[in-house]
Structures are given as structure tokens and as C-alpha cells.
Amino acid sequence: MIQSSLTTWLTLGRVSNLPTVWTNALAAALLASSATTLAPPSPLVWTLLLVALSALYLAGMLLNDLMDADWDQQHHNPRPIVLGLVSRAQVRLATAALLLLAALAVLGLSRMIAQPHWLLASAGLLLLFILGYNLLHKKYPHSVWLMGGCRSALYLTAAASLAMPPQPLWLCAALLGTYIAGLTYLARLEHRNQLLSRLPLLLMLSPLLLAAYAGNSVFWLVLLLWLGWLGWHYQRHLANPQQRQVRAFIGAGLAALPLFDALVLAVANQPLGSLLCVLVFFLLPHLQRWIKPT
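Quick note: to get this note's numbering, add 5 to the position in the sequence shown (first position is 1).
Derived from the structure by calculation, the hints contain no laboratory data. Please note: incorrect hints may appear among the correct ones.
Stated by the list, open to error - In silico EDC-like links for lysine to aspartate or glutamate, alpha-carbon gap of 20 Å or less:
| no. | residue 1 | residue 2 |
| --- | --- | --- |
| 1 | Lys-143 | Asp-77 |
| 2 | Lys-143 | Asp-73 |
| 3 | Lys-297 | Asp-73 |
| 4 | Lys-297 | Glu-195 |
| 5 | Lys-144 | Asp-77 |
| 6 | Lys-143 | Glu-195 |
| 7 | Lys-143 | Asp-75 |
| 8 | Lys-144 | Asp-75 |
| 9 | Lys-297 | Asp-77 |
| 10 | Lys-144 | Glu-195 |
| 11 | Lys-144 | Asp-73 |
Input sequences plus hints: build the corresponding full structure.
Set out below in C-alpha cells:
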């Protein structure tokens, strides 16, 4: 019974994707450190930053299931609330607790840095994107850009744990947000297993623009790995309409997020950080077999 309950909460939180939040934070903070010559975050700053971002991510996932519960019931979408594995009241309470934890972590972090207004502004923006997406995504198809904004704001928040986000960080945040928006366009028709346009796939190629800043072989090796991974899954899950599996391709797209961070860190001349992100990438498909990523 305890194991079943734990699995339910892990599924609600899509915890198989949680490591992508951590690699996002790692890449953004190390890029900010490299671009500004500031020291990387201290262990305590890292801890508070990861707690805050993890809590916001989990709260967003729980809120998504909570806001979609009626739609899921009408369309027979078997998510935990509809299946009766957890009550709406329990999910509301857990969401509120996670948001409180995130607020406390951000406030604690703001007392440890020289320019807290950037951190508070970017964390506030992240919360607004989370709330906006969950409120609007079933009504407006282009609300996918709010989901992209969540990841962009996550990058800005991680960088702001040091100081004002430097110029290269804004570009990387925009490219990441575009990638996520493309992936989310695909996810809108996941329940129908349809691919109505190639535009989402073009948006997912936004990280290619980082090649203009490549200065070492690590970048090109990671780029080949990223293109090979997405290309293979496109051929396997999308190219043939008779064998289409949109959900499987979305999972592959989410698993590729650490490779984006590896590209960013290669551009920032942080090969060890880039390697760490690649290792997380290899771990994610195994986590996705345990807990569904969507």
C-alpha cells in the first residue's frame, strides 16, 4: 500500500523529468559564472536553488493534473486523480506545501546574494508562467509558449542566484524555451496520437543556433549525439504514420534536455559539467521506464 502510494505521487510529479531541472540549473549557473567571472554557487546556494526549482517543478506538475482532472475524466485519460489513486484535496494540499517550500528557499537564497531583486523577479516570473500555463493550456493552443517560458525563467532564476543574468544566458534561455514550446505543441495531440504539422519539429531544432558559438570538439560531439538521438526517435516514432507513437517521441524529447545543457556548458568551456549532463541523459530513459514522463 505504501509503495503504491509512493508510486502515485512520483507519477503525479513526473519525477523522471526532475533531473532535467537540475541540469538546467547547473548549465545556467555555470554559464553565468563563466560569463561574469564570478565564483560558482556555494554548496548552500546550490542546495537552496535546487530545492526551490525542484519544488516549483513538482508543484507545477501536481497543479497540471489537478486543473486537468475534469478533462481527463471526460476523455478517459488514466491519470492518478481520475483513477481514484489520490484525492483532489490531497493534491491541493501537496501543491500548497511545495509552493511554500519553494518560497522559503527563494527567500533564504535572496539573503545570501548581492543582487536579490533579479532572483526574486525571475522566480516570480517562473511562478507566473507555471500558473498561466496550467490555467490556459486547454483553452489556447499557443499557450505552449508559457510552458517554454517556464524553462526559460528557470534558466534565468538559476543564473540570478549569482547576479544579473549575463547576455549569453538570455539567448540560451530563449532557445530552450523555443525547444520546449515545440515539444509541447506535439504533446497537445498526444492523446490522439496525431502529427498535424512539422512546425513543432522545426522549433525543436532551435539549439542548432548554439553552433555559431561553438569553440571546441566537445560541443560537436554532444551536438551529434543530440541530433542522432532525436533523428532516430523521429524515424522510429513519427516518420511512419502507420507506426506513429507521439507519446514515445515526447519522452525522447524530454530525455534530450540534458544534452541541451551539455551544449550550453560546452559553449561556456565547462567540459566536466557538459560530461555530467551527458551522463544524466543516459540515465533518463531508464527513469522513464519506471515513471512515465508525460
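We went through each hint and held it up to the structure:
1. The straight-line distance between the Cα atoms of Lys-143 and Asp-77 is roughly 11 Å, inside the 20 Å bound, and the hint therefore holds.
2. The straight-line distance between the Cα atoms of Lys-143 and Asp-73 is roughly 8 Å, inside the 20 Å bound, and the hint therefore holds.
3. Restraint check for Lys-297 and Asp-73: satisfied, since their Cα atoms lie roughly 17 Å apart, inside the 20 Å limit.
4. With a CA separation close to 13 Å, the supplied pair Lys-297 and Glu-195 stays within the 20 Å bound.
5. Under the criterion of a C-alpha separation no larger than 20 Å, the hint pairing Lys-144 with Asp-77 is consistent with the structure, at around 14 Å.
6. For the hint pairing Lys-143 with Glu-195, the CA-to-CA distance comes to about 13 Å; that is within 20 Å, so the pair holds.
7. Among the hinted pairs, Lys-143 with Asp-75 is consistent with the structure: their alpha-carbon atoms are about 11 Å apart, no more than 20 Å.
8. The hinted pair formed by Lys-144 and Asp-75 meets the criterion: a straight-line CA distance of about 14 Å does not exceed 20 Å.
9. Distance restraint check for Lys-297 and Asp-77: the Cα-Cα separation of roughly 16 Å lies within the 20 Å cut-off, and the hinted pair is therefore satisfied.
10. Restraint check: the Cα-Cα separation between Lys-144 and Glu-195 comes to about 16 Å, which is no more than 20 Å; the hinted pair holds.
11. About 11 Å separates the Cα atoms of Lys-144 and Asp-73, which keeps this hinted pair within 20 Å; it holds.
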